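As given, the protein sequences belong to chains A and B, one line each in that order. Start counting the first sequence at 1; every next residue gets the next number (this note's numbering). Start counting the second sequence at 10001; every next residue gets the next number (this note's numbering).
What the hints contain is simulated information worked out from the structure, not anything from laboratory work. Among the clues, some could well be false.
Now the stretches of chain B that chain A is said to cover, found in silico as 3 or more residues with beta-carbon under 8 angstroms [unchecked claim]:
(1) 10050 to 10057
(2) 10233 to 10239
FRET-style restraints, in silico, Cβ to Cβ [stated by the list, open to error]:
(3) A:R1151 with B:K10032: 56 to 66 angstroms
(4) A:K731 with B:Q10275: 31 to 41 angstroms
(5) A:K731 with B:R10226: 56 to 66 angstroms
(6) A:T763 with B:T10141: 14 to 24 angstroms
(7) A:H212 with B:K10032: 48 to 58 angstroms
(8) B:Q10275 with A:R767: 22 to 32 angstroms
(9) B:K10027 with A:K731: 34 to 44 angstroms
(10) A:H212 with B:K10027: 51 to 61 angstroms
(11) A:N865 with B:G10115: 55 to 65 angstroms
Quick caveat, the model's predicted, so the values are computed rather than measured. The beta carbon of each residue, even a glycine, is placed where N, CA and C say it ideally should be.
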Amino acid sequence: MERQKVTIDGNEATASIAHRTNEICAIYPITPSSNMGEFADDWSAVKRKNIWGTVPLVIEMQSEGGASGAVHGALQSGALTTTFTASQGLLLMIPNMFKIAGELTSTVFHVSARTVATHALSIFGDHSDVMAVRQTGWAMLPSGSVQEAHDMALIAQAATLEARVPFLHFFDGFRTSHEVAKIEQLNDDDLRAMIDDELVRAHRARALSPNHPVLRGSAQNPDVFFQARETINPFYTKVPGIVQKAMDKFAKLTGRAYHLFDYIGAPDAERVIIIMASGGETAEATTHYLVEKGEKVGVIRVRLYRPFDTTAFIKSLPKTVKSVAVLDRTKEPGASGDPLYLDVTSTLFENGVQGIKVIGGRYGLSSKEFTPAMVKAVFDELKKVNPKNHFVVGINEDVTHTSLDYDLNFSVEHPETVRCLFFGLGSDGTVGANKNSIKIIGEETNNNAQGYFYYDSKKAGTLTVSHLRFGPKPIQAPYLITPNTANFVACHQFNFLERFDFTKYAQPGAVFLVNSLFGPKEVWDKLPQEVQKDIIEKKLRFYTINAYDVAEKTGMGSRVNTIMQTCFFAISGILPRDEAIEQIKKAIKKTYGKRGDAVVMKNYAAVDQTLVNLHEVKVPDKVTSTFTRRAPVAAEAPDFVRNVLGPMIAFEGDSIPVSAMPVDGTFPTGTTKWEKRNIALEIPVWESDLCIQCGKCVFVCPHAVIRHKVYEKKFLEKNPETFKFMDSKFKEYPGMAYTVQVAPEDCTGCTLCVEACPAKDKTNPARKAINMALQPPLRETEAKNWEFFLSLPEIDRTAINLGTIKNSQLLEPLFEFSGACAGCGETPYIKLLSQLFGDRSVIANATGCSSIYGGNLPTTPYTFNKEGRGPAWSNSLFEDNAEFGLGFRLTLDKQLEYASDILPTFVNEIGQDLVDGLLKADQTTDLGIKQQRERVEALKQKLTRSKNPQAKNLAAVADSFVKKSVWIVGGDGWAYDIGYGGLDHVLSTGRNVNLLVLDTEVYSNTGGQASKSTPRGAVARFAASGKGLAKKDLGLMAIAYGYVYVARVAMGYSDQHTLKAFIEAEAYNGPSIIIAYSHCISHGYDMSKGLEQQKLAVQSGLWPLYRFDPRLAAEDKNPLQIDCKEPTVSVEQYMYNETRFRMLTQSDEARAETLLKLSSEDAKSRWSFYSQLAAMHYGKSAEQK
Amino acid sequence: MVDLSMTYLGLKLKNPLVASASPLSEKVETAKELEAAGIAAIVMYSLFEEQIIHESLELDHFLFYGTEISAEFDSFYPQSGKYTLKADAYIEKLKKIKQSVNIPVIGSLNGVSSGGWIKYAKKIEDAGADALELNLYFLPTNPAQTANQIEENYITLVHDVRNSIKIPLAVKLSPFFSAIPNIARRLVEAGANGLVLFNRFYQPDLDLETMEVVPNLILSTSNELRLPLRWIAILYGQINADLALTTGIHTAEDVIKTIMAGASVAMIASELLAQGIGRVPVILTDLEKWMIQHEYDSIQQMKGSLSQNSVSEPAAFERANYMKVLNSFKSMP
């Protein structure tokens, strides 16, 4: 069977082997490994078979811990089983990994190695996760490229079956897992040749079976455990030989030879680098380059890291070596060296190797770039008489001065390799088109090809960067395209040019392509001075196209991808123009064909219209622009924002030195306001003549960009000319002025406010009190109005009636301008929390969307009021959030207890009144809290004068007298699945914590994988065939405790109900949980219709609203109150508005019909059940009956 | 026994009662029930031009929506799944129904303009349809668009569809033409083998609370029979095509009037949607009873007997009849 050349990423290359050589995959999503599980699930859903002719069974578990348990069980019962994971996920598997290895069980886990969270979470790649499991007894086989990931996945599978030692096959997260490269795909015959069926049968024969019963997993005592533990030694001794044998067999089969330690370089090398995974590719390419230049250098690429074969290692080291640098991609603080360094030093020592200087260094944490320049810096360091040991390379470590300097301009890339960079907007299709382009180049030409894609951390107005390399020579460049090296630079979003420096990447004479609304004659003057200067000085060939216009006219909407892709092929000349067009069209047909002819035709039309609209711009010989690029943040921003966050915003974060970074991961809040992103094409405009001052627009705004205020008219003396206001209609605030104001530069243009606005013009109902209008003409004036609006005094929260939406929305939001998606369904709930309780809340946030838009650098949406109070926020992990938040409560309770215990001992110094006031304060209202704060201040003042040795201790905990609000926030992946055990336990403790479940019914942040909250009939990742079982009723499970306040809310159905639930939950002195319907882009419909869809969810009976208030039981009342009407619309009417449900009708109509019917029954039975619960008699009257 | 058989579009039918395009043909089981109940032919539910195009664009839009915004995912849905567009599912459904029943099955396409989508006419033919009903359903809202332009579009469409298939073609039209006989003749000249009178447009309602337009579907009543009945009677004998009456068929009397006006078949849907498929044998039995009572041997005997050509007072179908109706209203107690 002929092997195909395919252009795929590392995850697909790995999953392709794993799926074909296993029977069971137990999976759980975690970036960047999720795609491997998704591929496996997708392939099984379309009945793709493994090499034994059966479709592997893929099951999603509730956590990685669960996945490893299921894998362990499946292995013990004889199935070939695998899983895919990374980072914390791998750490959750550790207990089972010990067991699996201890029981000598054949399996391969595939890991896209990712940073373990320490001072911060990072989704990017390093070896901190895999190095944290090196003690478990697993063989560890790293791969350094997409081809290697494909190859090593198979070698690992072959070896584990023979060795009976489990294998961890790992590769660098993102760098390899997400790099798209042209590889030779192994066919089923290759797999069969490598996998010995005898060994498979032997694996099965070891299975637990009642037909030959055994006991495995005994408990052992000191008498024999030790001896038993040493029985495995011979198996480990054999592993290197078995792996090498598999590698040799593989080499014979494919021509690609691997060794336990591959030495590359001069035979007489004096300086050698030892490294593993993708860094080895860079080191190898650099070594080749330097050897050609006559340098005596080499690199040892570690292929089998565990068991570490010391003999093979020594053998691989040239005898001429004088100095060695061992590079680790992980950090073990406090250790005498990082892991690989320790292995190398002990190996040399044990083998009596002398006269070699060994240094260790660290590189590439969290996908930090590792380039040939850095490799060269290490080689250069090795030349020195006293080289730095325990150095770092790739950053400026200016605190303990361990970093190596490197030459930014050093490059080893082959002159025939072409490098192209595309800067796109995260919804214009740039990445998808570039993936197609690299496939075309890889599969339709003789070129080698590589694609890598970068995203910023915002989900609205995302910047994407596509790095494409291709050329006749093999591409060994697992690093981003560096400044001054790109042959082709394209900017697909014109307004990015005023924010970011793209032309710095262009090499002299390169092509610079810009998508612009302006024609070839006008565009030049619209460029910032810096861009013009670069174009002139680097003699760039400057092209422009109005792709927006072509897209609009050809029905492509905002997607400029096909158009810009066509420009790329037309200008770059990789293929003859006609052939390129043909190939693009072929790719279009392949990509979009199954979506129907209309889609293919509009893309074809876009291709055809592109060339006539593409123009080369005549470049003047001097800079003529009148403006410069915008500073990333305003000049008046605080120092930290300007000096640290500013460079991050401008994508210059790599230049920030260690000394500028906080030492413990602590960052100031309230910084999103400095990052004016201007991403909305249209913003809401207030029409005061129609406004009824209901506050609904303010309530639903996901980004807190639309606000209203009542204020005294005297403040209007200095208002800007265009600032709008009207008389207040609030009965509580007569005679005052009222304004609704929009933050024009922070708005995402989602239109939820317009949808929520109930006020319509009687003669023209299309006109509401809020309407959308183009942002650019309004930007300047409205920005001034916004500034003025912010200067108006906030409402006195101690005097406000919180019971109504309009009043509650006068409270200042302490969560603003997050990086969430436009129209996000989660953030309005968090914003409400911040308005009601933000000035006294501590928030524990589970990992997920809310931790990313809440806590991903550069800027932070949680903010503070003029007193400096606001939410204190932290993210521990994904799985432990409820427990983490409970910890907050325990501290607050304990400190209050301590403070209350010692306070009376100060009575003579502070007076009985203050003691009593502090201990007996009524803090059920904001006024009560304000008064208590004043008492605490008074106490602190008095304590400063105290000579009591306990005074400082009391002062340190005095703030605990003020009531705090503990919020535990997360999504359904946390609450229903991975964190459920903890959530359940925290509820059971009876402690006063508030849990907010932002229920999007999928793992939104990792790409829409099914959770136990996913409703029946929805198609999701890991539920490719449509989820067959009903959604878990988390609320009902919490109700079962009887003492937990439970509310199920959907602000689109009733904002008033949501408000009431939040206030009641917080006021309840015990555990409370609010399950909030959160519409999400993953549901597949226009987010501006999110509120409408929420309403339908309730009206169809699928999302009944209720509150369960245990306080009512004490009053002999039924604690359960249903807060919505009996279902009035069909489940179908709700479901089939959403792609997640509708797509099942297109992939499996019969199943869709069955699941729709069952969902309708779910809705009916749930309504019936809740109705009966709510009708039950409670209390004495019930007992009498 | 009376002979109920009739010929429509060259198809031999066991009686003149045909199930018109409606949700009744969405399921194979229901189609089989219709056959068992005695229906002579089934017109499939309609495949809309907009559906063919927009479904495809919509699927594309929402599969793309929200993608490429995060390093953590590229899209939200499985990529390897195959999507059967409703249009293709329609063809599959037609095939299955055709295989499951012995009565003729007529495909139904609904559109207004010629274009790529009409390839589905050929697909319907290839799926085994015995004929095709082309439903011209267009609501002109642009004042700049003339009646002539719209009619020319229709003619072109009928012409193009006719040229793409070999099976008989019926055209279903609305009553909103200035010159129905003229457009009827031109449609026949463009290739229609039959005309189906008339389409019912959905009449949206206004919600006074929300100040929004709301869709509203009301099933037909026997009273609505009058409009198509008149035009069938007028067209019968004047154009060289079979006529079918749809809208307002609820009883055997309605069927009889339809045939006597000149139609080959009476198409029924609302009655069956409201009262169930069990109404079919009742209507057919009533029809037979009426014919026996009135000594008709075959249904063919009555065809066109009360058409404008045949009635003693042809003017009754014209303006004079209007005055008569007004007078009768005035004379009501």
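Hints, verified against the model:
| no. | hint | in the structure |
| --- | --- | --- |
| 1 | 10050 to 10057 | holds (count 6) |
| 2 | 10233 to 10239 | violated (count 0) |
| 3 | A:R1151 with B:K10032: 56 to 66 angstroms | 22 angstroms, violated |
| 4 | A:K731 with B:Q10275: 31 to 41 angstroms | 56 angstroms, violated |
| 5 | A:K731 with B:R10226: 56 to 66 angstroms | 59 angstroms, holds |
| 6 | A:T763 with B:T10141: 14 to 24 angstroms | 21 angstroms, holds |
| 7 | A:H212 with B:K10032: 48 to 58 angstroms | 54 angstroms, holds |
| 8 | B:Q10275 with A:R767: 22 to 32 angstroms | 46 angstroms, violated |
| 9 | B:K10027 with A:K731: 34 to 44 angstroms | 58 angstroms, violated |
| 10 | A:H212 with B:K10027: 51 to 61 angstroms | 53 angstroms, holds |
| 11 | A:N865 with B:G10115: 55 to 65 angstroms | 60 angstroms, holds |
The structure fails hints 2, 3, 4, 8 and 9 (numbered hints given earlier, in ascending order).
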